[in-house]
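Can you make the complete structure from the sequences, with help from the hints?
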Amino acid sequence: MQWKSSLLAAAFAGLSLGAMSGTASAAGPTCKDGTIKVGAVSTITGPADFSEVPKATQAAFDAVNAAGGINGCKIDYTIADDKADPAVAAQAARDLIDNKEAVALVGSGSLLDCAVNSATYSRKKILSVQGLGVDAACFSSPNVAPVNVGPYTLSTAMAYYATNQLKSEKLCAFFIIIGGTQEAYKKAIENWEKISGKKVHLIDLTLPFQGDLTPYVIKARDAGCDAVLTNQVEPQVVQLIKTVDAQKITGINWLFLAPGYTEQVASALADTRQPIYVGTEWEPFTEKSSAANAQWAADMQKAGRPLTAFSQGGYLAAQLFLKVVASIEGEVTRESVTKALHDMQPITNPLSGSAYVFGTAKVHSPMQATKVMKLEKGAWTVETPDWVVLPQAK
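Residue numbers (mature numbering (1 follows the signal peptide of the UniProt record, and there is no 0)): -26 to -1, 1 to 368.
Think of the hints as simulated: they come from the structure by calculation, not from any bench.
Some hints here could point you the wrong way.
To be verified - What follows is a set of in silico ranges between Cβ atoms, one per label pair, in the way DEER data are often shown:
1) 179 / 241: 27 to 37 Å
2) 196 / 324: 42 to 52 Å
3) 329 / 244: 34 to 44 Å
4) 336 / 73: 22 to 32 Å
5) 180 / 216: 12 to 22 Å
6) 352 / 329: 33 to 43 Å
To be verified - In silico BS3-like cross-links for lysine-lysine, where the CA-CA straight-line distance does not exceed 25 Å:
7) 98 / 74
8) 348 / 141
9) 193 / 161
10) 172 / 144
11) 193 / 172
Idealized CB from N, CA, C, for every residue including glycine.
What follows is the structure, encoded as structure tokens:
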């Protein structure tokens, strides 16, 4: 992606700068009052902070607006904080849809937005290009299509990597179950079994979010696991590996999902000799020289935003949305945006290993590829220069 910032939307949409900015032309998208209203429902305060997702979306929209907008239309973007509270999330969605008159939701990242609001989105006939799909409902709603792989498909992908690349014969899975995620994680392992033709050696759905992990690492050792997959987040990843080291356990590959891929984890585990692997979901954000990251990094730095995986998701959601909107002939409304997303052809972007498409399916999980990083002496190194792409289940 070698675009100049001022040509961002034009290059991405395959249009000339004159068609993207300044006075609206006869062809292409048009808008009332010169704006296209878009929103996001995200968890910003509360037990988690996903604010980097919509803030990166905002930065991408700001760059387009500074260049004149899409065919003269500026993006009017509102970020609503759901505070991880279902009632607040429901009210935030209603406000964006009914009062702010959003044509779509773009760049949301929330603990519960999809679970709380997917029925509302279906009823109001509005679509959400989720910047970070977290809860299971994000991947089981006709009106939500995340731009990230998500924890469930990523679990399948990391299990596939363990058996296909690490040659694991006794794969074990330990999952933290929060809310209604149990069936989604069980389905993730079932999908791996269909793809690989193997059976999981051990699956434990009682891994605690907090508490002593010693019984679990001993259980993995005594069961003869040669690879262990877990869905722990940053602090628990560190705790687990330190517990493994304290028990002097060897001979197990430890596989984690995207929340384990942080510089803080790498630093905290600099002294371990355990083989640790993480799935990235997008192009590895720590690879500063990656050509795929170049435009994202430049735009984030210009906006004063940190370079994180969360910001990749928000940025990618904006880019995909902008290209779809640029394809609309006539007024940009909720109806025309919904139609464009339903009718769109798959869009590729170097930040991801799968083409993105919304489409008209009852459920959406378009992203089916990841890269894998390995921890080496306190630094993440690219283990798979090529994307690990999930084959279709047999």
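Exercise. Can you give the numbers of the hints that this structure goes against, from lowest to highest?
Worked result: Result: no hint breaks.
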